[in-house]
Each structure stands twice: as structure tokens, then as C-alpha cells.
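Could you put together the complete structure from these sequences and hints?
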Amino acid sequence: MVELKHFINGISHPTVILTVILFIYPFIFPPTNWFEKWNKRLKFDFFWTKKGLITVYTFFIGFMIIGVQDENAKHILLKPDNVPIVGLLFLVHFFLWLSMNQGMKNDKLIDAGEKPNEYHDPKDKVLVWPDLVYIELIALVLLMAFLLVWSIGLEAPLEQPANPTNSPNPAKAPWYFLGLQEMLVYFDPWLAGVVFPTLMIIGLMAIPYIDINREVSGFYSFKHRRIAASIFIFGWLWLWINLIMVGTFLRGPNWNFFGPFEYWDLHKLEVLTNINLSDLIYIKLLGVGLPENILLREIFGFIVFFGYFLIMPPLLAKTVFKKLHQSMGNFKYGVFIFLVLSMVALPIKMYLRWIFNLKYIIAIPEFFLNI
Amino acid sequence: MSKKKNIFQRLGESPVWKSIFRSGVPRTRRQRMMSVLNSVFLHLHPVRLPRHAVKLKFTWCMGGLTFFLYLVLTITGILLMFYYRPTVEYAYTDIIDLREQVPLGIMREIHRWGAHAMVITVWLHMFRVFMTGSYKPPREFNWVVGVILLFLTLLLSFTGYLLPWDQLAIWAVTVGTNMARATPFLGHEGPGAALLSLGDINFVHAASDIRFALLGGRFVGESALLRFYVLHCIGLPFIIMIFMAVHFWRVRKDGGISGPT
Amino acid sequence: MDKQERHYNIFKLNRVFAISSILFLLLLIWTFADDYSRSWRTYQSEFREMEIVQTDSLLKLEEKMLNEMSEYQEALSLLKTVEESLTEKDEELERFEDELSSLDDDKYAASQEYISVKAEYDVAKYLYEEAVAKGHGDPEETGSKLERLEASLLQHRLKSEEAEQKYEDIEEQILGIKADKKAAQDQISRLRRKAEVLGKKLQKVDPDEMTFGNRLGNSIRDLPVLDFLAPYYKIDQIVIKDITEDLNFANVPKVDRCTTCHMGIATPGYEDAPQPHTTHPDLELYLLSESPHPKESFGCTSCHSGRGRGTDFTYSAHTPRNEEQAKEWEEKYGWHELHYWDTPMFPVQYTEAGCFKCHNQEIYLEGADKLSLGTNLIERAGCFGCHTIERYQDKRRIGPDLNRIASKVSKDWTYLWIRDPKAFRHNSWMPKFFELENNSSDEDVARTNQELHAIVHYLFNNSEDFSLNDVPRWGDVTRGEDLVNSLGCLGCHRIENEPTDEVTSLQSLRRDHGPNLVGVGAKTSREWIYNWLKEPKRFSPETTMPNLRLSNQEAADIAAYLMTLDGNGFKGQEVPSQNNLELDKIVLSFLLQMNSDYDSRIMLSGMEEKEKLDYTGEKLIRFYGCFGCHNISGFEDEKPIGIELTEVGIKHADKLDFGLLKIEHTKLAWFTQKLLHPRSFDKDKVKTAYEKLRMPNFDFDEAEVEALSTALLGFEKASYGVKPARSVNPDVHEGQWLVREFNCQGCHFVEGDGGAVRPTITDWLRSANGIDQETAEEVTADFSPPDLNSQGSKTQPDWLFEFFKKPFIIRPSLKARMPTFHFTDDEWNSIIKYFQFLDGQELAYESPHHVDITTSSYKAGEKLQELGECNKCHFYGTTFPSQTADTWAPNLALVKERLRPEWVSAWLDDPQSMMKGTKMPAPSIPTLEEVQDPDVLEFVGEDVAALAGNRSVLINGLTDYLYTIPGKIDISREVLGYFSKNGYNFLQPVEDEEGDEWDDEEW
Amino acid sequence: MNSKTLRKVSLFALVYFSMSFLFAGGTITGTVKYEGKVPRMKALKMAADPICDGKHKDAPARMEWLVVSDSGELKNAFVWIKEGADNYPAPEEHAVLDQNGCIYSPHVLGVQVDQVVDILNTDGTLHNVHSLSKRNPQFNIAMPKFKKKKEVTFTKSEMMFPIKCDVHPWMKCYVAVVNHPFFDVTGEDGNFKISGLPAGTYTLEVWHEKLGTKTVSVTVADGATETVDFTLTKPKKKK
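From first to last, the protein sequence lines are chains A, B, C and D.
My numbering applies: residue 1 is where the first sequence begins, and numbers increase by one.
My numbering applies: residue 1 is where the second sequence begins, and numbers increase by one.
My numbering applies: residue 1 is where the third sequence begins, and numbers increase by one.
My numbering applies: residue 1 is where the fourth sequence begins, and numbers increase by one.
Hints in this document: simulated from the structure, not taken from any laboratory.
Careful: at least some of the hints might be erroneous.
[What the hints assert, rightly or not] Here are some of the chain B residues that sit facing chain A, going by a computed Cβ distance under 10 Å:
1) Q167
2) T183
3) G216
4) F219
Yeah, the Cβ is synthetic: ideal placement off N, Cα and C, and Gly gets one too.
Okay, here's the thing in C-alpha cells:
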């Protein structure tokens, strides 16, 4: 058991878990034919069968059972404000499964030239009263019952009176913003707290205007809109929800990483010797001092930054997204690729941090402009 | 069926009943349609729906539950407002009293857990809509409204988070709002803020930036509590209701619930 | 059914709906039940049962007592006879009653008429005024109407008053007839008052005693939901305006709901009831409105801490006393620690910490013994030398002055002493710094051995010259021992070779004020002791050791005796030799703190050995903070090295460094661990030598640690609006401090506590006089330094001031000597003011007491003095008492200078009540009855007889006489002369001429 | 006094008075002896006060802390029912403590709670009566020549406390305050007698100022007489 806990603690580290996720992700949600081939070969579509659901849930529940018996994990899992997140884990996976399960079935039907499951004869309609109204009512009653159980069973937390001079360690934002707080590890507040959230909202709003696939509408499907779906699931599920989970369960005092079965020791230290790109190149690589001129100093940062956002899009348009570019046109493609690149910037920065201890690509603290 | 009408049947045919529920007890197809049409609450729905739209497997009922949670939160919130005073003297002790002394102080639990649940249902609703591709024309704009509603929901929850005025509240909000300091141009520690100055006069500083506007001070204090309270109880609910109205209206106007063609 | 347009099976949906609705309903009921089922409701109903039983038994007892009370029986029979006699007047009474009812009608009618006329009159008046002032209407017409109405009004008033008068007359007559009955009834109800109150109460709480309607109401008033109307069981809260709770952003009035469950807390009679119904153990001091801490103005959590608003066991932040109780609570109440409350209740053994919130300036707090012991230990151990504590700011350093150390002790002795003080003197207060938990490895010991060399070097190198005068006479050890035992030295010092099992207490600390003298002969020289005794302040200007005004001979005797106390010394221990390699390492590690590695090494190589020792000595004294307790030249203005403790009581546990130690993460556990094993938090930590914890080990035992923790827990600055008077009076504060700092209570009783020297006086009496223990104990008080109880009202402040400055003998048979303390005038004045405060005397100056010697009371007083034979025990100036030295009492010629007449009169009236156990008998003041006896009359004489029965006049006369007794005031010389001739062993029984083979002492 | 004890007291008074007529009650008698070497009682030196001295012209007064007859009977031992007896009201008659010849007589005195004690000053010199009681409030009264009598009462039961005179340091006597009448002080012959005891089992204790205490359990029947003898020895010296 102890070894198991150590193992789980080990693999929960962001470096491990995110790498695994990033690597496996395209095989589970294949965006191209090649991946789909492997998906089939690896039988990853097993996840979306009933047996798959049971398997995953068995793992979840097993983890929870081990968790509540462990002094440290129990403390975090059963903290009143964390309970919704535990619930979120189960719910999100269930609904992911539900949509994927139906999507898979529909995909098969469509491949066979049939209509999706949702399809019914347009004339075959159902009266709202009583069918819809009734199930809505039942859903409401059950939800209310569930809320009552929740409220009786779990007291709303109330800590010490607000004290501006005594900050708890860790001081955490509300759980739904923990993704942003987690991003703070890798980006400055103006990016993590302002620019990225804004981009997220804009990006979400832009989805219907970018997604030019008109066919698949009104029914569950994956294969026939696999690029859109895999990008969305990646952003929403893997990045957003996952970062919340990390922020809630795996971040302890001083925002240090702690495995689920690890004691939140105030004194745990982590190596923090991050350096900027300019230091990396001028001092480590070239062995000269930093130039006085800011622009000169950060020239490599600018090259990387603009290279990423200006050179990557045409490059991709010519290669991977060739078809997409053609069907979307320049403007839509531009917006699309900007948003995707911004999103992917997060994992990229994470890896740069982990591998090179890179702090900033562009560091101009004089203007609070650090990227 | 016996000839003799029982009391409920008689009641259902009485003029008073009929004046309220015009169509009477819905038994026939017509009556059923009329009862939906005539009810201010039910007429959000069309009279008839495609078959897949009543299947829970398809809709998950998430939108409905979100709306219902909004109502639950409104009602419990109003009840809580009777006992809660948004001042630094009383806020915390009033919350203690909700647990210790106020009859049915469980309202606070329902409110808090309901709020968490609402955030989750909103996300799942969005996820469902995405996975069924239901945002596609002609429903693009309603998706946009939906995103705004999601954002407002988070803000509502966030503003409410401060009100218990305990350590959890003040520090969560401090962490949350500290990021606003770094807003480009508008936050005093944001890139570009230094550009907004004439001569030596700096227009964006700690006491004039966007965070200050949000908190009513440099730190989370008495005025932040009041601001968050007003936003939480009046400002944001008001705005969210407008967008909700638009959202529901557009569901119908954009051709009802989506479905395969 | 219309299959076409339906999807679900309606019956199935109905079933699902039914099930979910029922589920929902059940949950709703559960919600209400959950809301209703509060533990306090159970406690309240339990208490109600107990209240019923108690009230019932009290009522029965009261009734029984009434039945046995003759007064009550008389009143009852009186009522009966009166009622019987009333029946005879029935007819008359009936007539009157009839008349009264008809008159009532008349009265009503008349008053109604008057009221209606009055209304008309008021209108007319208004109209007239309008007409006159504004011209609306005719002034004449309205004026005449007003006049008319005025007349009518007068008439009606007369009529009405007449009717009223008549009515009252009749009423009075009826009352007159019934007067006796009413008197009897009043008497009965007066006697029954308590019973009535109890009966009413019982009717309120006991359903069996209720009327049917009330019982019905009682049975539904507490039902769920209905109970918001007028419940019997409800939350009881005390709101205290003056005491606030700090919510960081605001201070809000304290709200305590403790009495919701602890209903019997302020009611006597539930002492043996189980918790939470138990009565508070000390109602005299707390809760009752007549006590100094009424619950209305203090509540509960202002002392006990906790979460006053809580209405449930866990949420009121109860704290168990130990693991065992924690377990018990977990089972019984589902208790768990409330993490999110910063001021949990004090565990019961630390309760006294709460007193400190207000009583934070007092040196000694009666009743809070543990807290007082804690603060006293802090003072004795000198914690404030290293830890700033606001209460102890600017206090003198508690250790000996090291500025002239070279004249006192040797280098080797100093070395060994610092290394392990307790090896030399088992109960030294000097703590141990070396070879503790974090510096016992071989490497550490090698280093610290060299550190000690450097420290000793520094001390001796910087020691000032101090010239020792030669001892002029040869001392006698026996005489010296007798002096030490009798002068009062043992009020502050002990001479104990071995540890005793004495429990540390305030009293034992008083005798720890100065060092245990064991081993003093092995430590220093005869010359030094002699010089020190003669004038302590010459060696150490700040010492608290007073000057005992010893003659050269006395000082030499004592020095000779003390030199015999050579104890064990550091037998067999040797000072390790200096090791330059280790020294270099130490020098280097200090150099590195300020310099680069490169520079350090260059600096090191440039240093001579002496330089190295100088350098490290200074650094080490700074590192260990020796200057916190000792005066060391070069460190006069150094800041303390420890963490400030002023508010340590409210420090969060998560702000304390528990290191890697596996102990409970609570404040108390930390305090206990730190005090018992100060260095243990370094366990398993990797630290360099000068990063380690450095608090020394004081060898506290667990009881001491508990007392210290109590004090530490109490250290907070509470923002309470109420402050005890003695805490805020600066003079009292200062006076109390001086009494504490100079250990007055080592010899004297102040505030009913002290006199630590007394057991040693008993021992001395026994050994010096050859009497048995029992007798010695009985007379100890007579030969001990005086009890200073009522000192403030007793002595004239001017005299006391002079006496302090220049003490002389007051109690002739006392050998203990009041020393000379070199206080400033201000300091003496604050002591005097403190004494006065204790007796409610605030006067600074008083006019002298004038005596008119021609009054008869004066003459009577003179006679009484003669009859009382005061001269048997008291000196009259240089006139010695007629009895032997063992009954001698103060010089009465001193009275006029020393005492206040009010006090003298009160003292003469009843000495025993002012000073329990005093030898002074209450003078016999003849009563009127007694002087009827011709024999007595002959004795007492005319003057007394004339005033007999007037006790206070006679006593005042006696007082007056005392103020006129002439004679020498300071008779020290005469007394000393007597004793030097006759010796002190006057208590010894006179030897029988015949041989005694059965020695009394054997018993 | 609270009503509970009042009730008890009155009940027992009733029982006591009625029973004492019907039955004689039980009686305990016996002798207290001393075994061991008898020390010689030293003479008291009263030279300090001529009046005292004048009273003992013929033979000097001697100490009284161990008075034993030739055959070993012990004087001034206090024998009493320690356990088993209930509260009794105080008797009407007064107890007497005389100061005669600057010696207290008797040397050991037993009184009942609330019983009036007449302290007499037969000497006609200044005495002071200083009680060293622990439970009862202490008093210290001067009795000049003219003061012949002083009445005092003790309100709480208390076993043996000294009364002494500070003017004459040798004067000392012992007083026991008992809540019932079943006690006696041995005379020259060492005999004691406790009578009128209701039937029952009691703990009987003998007390002596130097020789300490000894207890036995005694069962008494109505009308019967039990004999209990005590022998006291010199206590071991305390280490």
C-alpha cells in the first residue's frame, strides 16, 4: 500500500501527469486518421463502452477509498469546499463518457450511411405536456433532494474571521479559478489572470464562427468533427479541469506540489532557480554579459515570440492544416490558429520551465512586461 | 369510469379553476397543447418537440437544472439577506449565527452548495451543447450569450465568496483580485500602465486602477465587502436575468432545440 | 391513449415522480428535524427536570419551616380570629358595600359630565384666543361664552370632586373595618414570601403544577416550527458591551451563549449535578451580580476563551484537559478540535491564563495561584532577559553583575560553572547551555569546550578592578551560623546541600530569591564575602541584596561561617586544555558571517591568540545572550536575543516552528516541549553551529511548565473596557513591583501572603533556645518579622518613610533585622502608597493627633492602661516591661510618632480580627453591668465608671493616653544592650535544681 | 443553622429526652493507664508575676504534661465517642475554666458545641485568654484583676486546641469541643465514665497531649455497662 501511495504521489506530479496526458491525448481523441488508426489498434475506444466506464469508475472509487483512509489525502478530499470538485471529477467523466459513447454509436451509423440515433421522423413529435414538463419536474425534485442531502450532511465552511495581516498558506482562489492560479506558476499575472481568461472567453465565443463544419449539428458525434472536438476537449477538459484538480488537490503551502498522500509540510522546499531566456543565451551560451539596451537584451525573446505567432501559422497552413486553411480562408484561419497557438502556449511554457528552468521568454520588468 | 364526478373533477371544471388554468385539466391533446401555450412559465417550451429532445440521454437536462438552481439560489439568497449585514462588524458574526441560532440556518448550506452545483451544471451544459454541435448556425449567437452567462455565473459565485468575511473568503478574493493589478494598461502593475501618464503624473496607480475600482480600496476591506454584496445581490443577478431572457428567447427563435436533419 | 405524440410511459413516470416526491418530502422533514434537534434543547429539558426537583424540595422545606415557625403560626391564628370577628360586622360591611357601588355610579356620571364640559370649554378658549389674536370672530361673544363655560366647569368640578370624596370616605370606613385582617394577611404574606416565589417558579416549570390551559400551552410551545412563537427552550445569550471581540477589522461586543446549556452555572444548589448543569465552583468571585465579576458584565468567554456564540459542544470550542478527556468527548459529544477558531477555551488546568487578560499588571493575583506562580517563575528565571515582554520592560537583570568577576571567583571555577551550573549547586537558577539535545555530539563538545574558554577569557579580560578590604577581625563560625539563622538571611537564601522534594510555589520561590548558599565557600574568598556583606552595592550597584548594617564583628562571623559551606565543589572535574584548531574553526565561522570566505581566511591568519579569544568571546556572549541576565561590560545596551513574548498567548500554532518533531501541533504542546526540552526542535535538522536553537535548559519540572504555560497563554493585550483598579494605579503597580523585586514577602506578610522565613525562625528558636518543635511553632509568629497586614492604615506615612530610610528596633524581642534598602524617595513613597491602597487609605498627609488631657475620657484611658497593665509587656520609652523578654512588645512611647489614632482605636477594640494569632489581648473594657459590682467599681475608679458602657469613648480615651506616653523613641541601643548581656535564649525552660533524668527534648 | 440540622437536632432532642427517662442508656467505663518511665514534672518558675508566685508558696506548681499516679493511672486523658454518636443540643449548665494560681484548671476540658464556658479569673491578676483554635474563630481577651468572669462559646466541633496566656507563658490548657455529651476526662485515678449512650456501636477514642490517641470499637446495649481500659505508652520519637 505504501509503495502504491508513493507511486501515485510520484505520477501525480505535473511533469509526469501532464506529459502522459499530452502524449496519450491524441490517441484517445484522435484528430487525424493516423491517430485514429492507432486508436483502433490500441483499443482506446474501449473507454467509451459500458465496460470502459465501469473500469474507470472502479479506479476512481478505489482511489477514493484509499484516499479517505489516508490521513493526508482525507484531509484534502473531504474538505467541505473540495467536495464539489471530487463530484466534478465523477460528473465530468460520466458526461464525457456519455457523449463519447453516443458519439461513437452515431459515427458508426453515419459511416454506414444511416441517420444518427437522435434522428426521428420530423412528423413524429412529442407533446411537451406531459412528457417534457414531467421529466423536468422529476429532475428538479431530485436535484432539490440531492441539495438537501448535501446541505444536511456537509456544513458550509467558516474559518477564522477575516484577518488581513495573517495570510493562510496556501491562500487559494475559489476552486473554479484555480486553473488561473495554477497558470500563475508559469506566467505573470497579467497573462495568467487577464490575457488568458480574456482569450478563453473570446475563444469560446468564437467557436461557432470558426467551426465551419455545418453537417454535424444536433447530435453526438466525434469522428466527423474530430478536430473541433479534440481541440475543445483538450482545452476545456485536459487543461481547464485538470489544472483545477491540480490546484485543489496537489498544491499545498507555498504553492508547492504535494502528492495526494503527502503531508502538507510548511517547510517543504523546491528548487527555484529559474532564469530568463536572455540570461540563458547571453550568459550561459555565449558567455558574455547582458547588453544594456532592453531591445537588444530581449531580442531573442522577441524572435521566439514573434516567430511563434507569425511564422508558425503560415508554416502550419502549408503543412498540417493545409486542408483546413483552404476551407476556412485566411481570416478565419488566422483567428483559429492564434487561439490554438495561445492555448498550446501554456503546455509549451510548462515544458520550457521544466526542462530549461526558463522563467521568461521576454523579460522587461521595467514595464511589467514579462512573457 | 363512473358517471359520478369526484371532487377533483368538479374542482377542475369549476369557474375559478378555469379562470386560472384556462384549458382545464389537460386530458385531451388540445388541452395539453393549450396548457403549455397558456402558461407563462411553460410557454418557454414549444408545444411539441422532436422525440429526441425529451430524452435525458440527449439533453442531460443541464440547462433546466442550471435555471432551477438559479431560482433556488435566489430564494435562499433572499432569505439569507434577512439575517446578513454586509459590514465588517456583523458579516462574520451573522454567518456564525446562521449556524448557531437562526431557525433553518441550513439555507446557507443550500445556497453555498447550490452555487457550486450551478457552476458545474453550467459547464456541463456548455459541454453538452458543444458535443452535440448545437452552436452551429443559426444558433451561433445563443452560444455567445451562453458564454456570457457562464462568465456571469462565475462572477456571481466569486462575489458571493467574500460575503462570509472569514479567512477563506478574504484570501480567496485577495488572490483573485490581485491578478487585476496586472491588467495591461488598467492595472498599476500591468504592462503599459506606465504609458498612461502625462509628465510626472501617473494616471494609473494603486489607488486608481481597475482593482481599486473593484474593491473600493487598495485592499480587501469594508468597501470591498459592500461592493461585492451589492454586485452579488443586485448588480449581477439583474444582468444575468437579462441575458437569461435573451438566451431562452433565442432558443425558441433559433428553431428550438437542435437536432439532426 | 395518444401513442403518437407521447414518448414516456406515463405510469412509469408517475411512479418515478411518486418515489422522488416522497424522497424529497422525507428529506424536507429531515431538514426540519435536523434544524430542530439541537443538543442544547436536550440539556435545557434535563435541567428543567432538575429544577423541578430542586424547587419542589426547597418549597417543601420552606413550608415545613413555616409550620415550625411560631411567628407564622401566630399570624395564622390571628388571621383566623380577626376573620371571625369580622363576621359580626358583616351586616355593616354589606351596607357599606352597597353604598359604595351606588356612589361609584354617581362618581362616574359626575366625572363624565365634567369631561364633556371641559371639552366645550377648551374649544371656547381656543376660539376666544383666535378672536383676540387674529380677529377671526367676535372677541366679545366668544369671551362671554368662555366665561359662562368657565363657571359651569367649576361647578362640575366641584360636583365631581364631592362625589369622589364621598366614595373615598366610605372606602376608608370599609378599610378601617378590615384593617386588622389586612395587617394579619400582610404579615403572613411577608413570612410566606420565599415560599410564594418558589411556588410561582414551580408553577412555571413543572407541568404537574400547571393549570390545564398552561399545561396545554406548555405541551405545544416547543413543538418544531411552532417554537418560533413563545418557546420555553430558547437560546440564552449575554451581550457584553464593554468587552469586545477582535474581528481584526472591527471590535464587536462579546456575545456569550454558554448559559444556553450551562443553565445552572450561576445558581447554587447544582454543585453535584453532572455537566453541563453544574454550578460554577466559585460563585463568590464570579457570575453572581454581587460578585466582582458578574456574568452580565463579563460573560464566560472573556475569561475562559472559546467561541461564545457557539451553541453546540464542538462549536463552542471546548478544549479537553488531556488525551483521555479528548477520547471521552469524542465518544460522548462527537467532539473534534475546532481548527478554525483562534481562541479555543483554555484547558481547565490552564484556566487562570484568562485572569491575565485584565489582571495583567498585577504582580500577584490572589486566587490565581498557578498564573502567579507562572509569572513569578518568569521573573525568577529571568525569561525577559532574552525575550522582550512588555510587562517586564526596564527590569534589572536577574543574574549577578559580572563586571568585577575577577575579584570574586577563579577562571577555572567560572569555566566549570558555565559548563554545568547544576553540578556545583543543585538548584541554581543559572540554566544549562551546553551538552544539551542539539550540542552533545563529540564534535559539538569539542567546539563548546573552546567556546567556554573564549567566554571566560572575555569576562576576566574585561573585569574591572575591585579592592577587597581586609577582614578586620577573626570570625566565629558558631556565632556566624546563629546570625545567618536569626537575622532573616534565610528569607531569601537557602542552605541546602541536597535537592529536596519541596514543590515549587510562590513561597518556595521567595526563599529562592537569593542563591542557595551551599558551596559559597568553595567558590569565593572570605574577604570577598566580608566585603560583600558590609556593602553589597559597592560590588554590584544594581543588586537586590540589602545592607543589613552588620558590625565588623558580625560580618566577620558570617563570612567565617559561610566559608565552611564549601559543598561538593566541582570535585574531580577539570578544565580541558585550550585547542587552537577548534578555536580557529569558531573564529572562522563568526568571521564568515560578515565577510567573504577569502577575506575571512586572511583575517584569521592575521590574528593573535588573544585577539581570537577576544573576538570569539564577544561574539559568543552575544550569541548566547549572556548579557540578558548579567551585567557585562560592553553589552550594556544590547537588545535581547529572543523572540518577543508580549502577545505570545494569541500566537497561532502554525507560526511556531515544530521542526521535524512528531508532536501535536498545538500551542500548548509546543510550549511544554520548548520549556522541558528547549533544543529538541532541532532534532534531525541540518544546521550549522550558530544556526541552532540556543535557549538554555532551566530544568523545569512539569508542574512548573504548566504554570509557565498558563502565564504564556495569558500573555495578550486584550481590548477590554474594564480594568481592575489596582492594575491601573501606577503607584500601586510600582509599590507591588518593589515588594516583589526585593522580596519583602520573604520575611513579611503582605496581602496575606509571604513570611517565607518563618519555618527557619522556628528551626532557629528550637535549636537556639532548646525548646521542642511544637512550642517553637507556637511562638514563631512572635519572633518573626511582622505581618504587614493593615500597614497602610496602621502607620503614619511620614514615620514609615523615615523608618524605611533608617530602620530601628520596634519589636524588642525580635532578632531578625530590617535591612536598609537603598531605594529612592519615590520608590519608598510608592510602597507606602501601595500599602495605603490595600487598606483603602489614600491620604498623603495628616495633621498630628491632638490630645486634650483634661477630658474625663483621657483620664479613664489612663486608668484603663493602668488596669490593663500594658507595662507588663510594652516598653514605655526606656522603661522596661515588668515581664521577661519573651513577652516583650513595642515601645508605647513610639505610638504618637508611628501609628494612626483610627488604627489604634480599632486595634484596641479587637486585635484578633486585625491580626490573627496576635499575642496582644483585647483590653477588657468594663461594661455598665460590671461597674455595678462595688468591688469592680473600686478597682476601676470614678472616671471609668462614669463612662462605663460607652465602649468607643473608653477606647478612644485609652488611645489618647497612648499618644501622651513620654519617653525615648528609638530604644534600639537599650534593647541590644540588654540582649548582649542576657543572651537570646530566654525561651529555654528554667532548669530544675534537681537532676532530671527524663529529658523533655526526647519527646 | 440550616433547617436540615435543625430538624435533626430537634428530633434527637426529643428522642434523647424521652428515652433518658425510659432507659438509662448504656454506659462505658474504664481506666487509662500509662506504661513506661515517668518523667519528673518540672517546677514552674513564676517569679515574673508575684501574685502567681504568692499562690504557690508552700509547694511550687509543676508542669502537667504527664501526670501519672504511683500505680500508673493517667490523669488528664480525654476519652470520647469519636464516631457513631449524633448531634446533641448544648446543655444548659456552663462549663468552667478557672485561672487559679496562674494555672488553668482543669488542664483538659471537654465542652459541647454551643455550650457556655465560664472563664474565671480567681487570681486577681492580669491574664489573657488566647485560644489557638483552628476551626473556631480564635480569641484573645485580656482579663485584668477586676474582670472575674468571661463567657465564651464554641460554635464548631473541634478536637483539642490549646488555650494559653501570653502574659504567663507557662499557662496552657487543652479544650475539646464535641457535638454530643459522651466524653470524660480522667482524674487522678485514671477513671472515666460515659453514660446515657443509646444502644449501638461506637468508636471510642482516648487522647493525651503527649501520648497521642488510641481508638477501640465498643458495642453498647441499653442499661448495660461496658468496661474499656486503655494503656498508653510513650510514642516513638519522630524521625
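A quick look at each hint next to the structure:
no., hint, result
1, Q167, "holds (4 Å)"
2, T183, "holds (5 Å)"
3, G216, "violated (15 Å)"
4, F219, "holds (6 Å)"
When the structure is compared with the earlier hints, a violation turns up for hint 3 alone.
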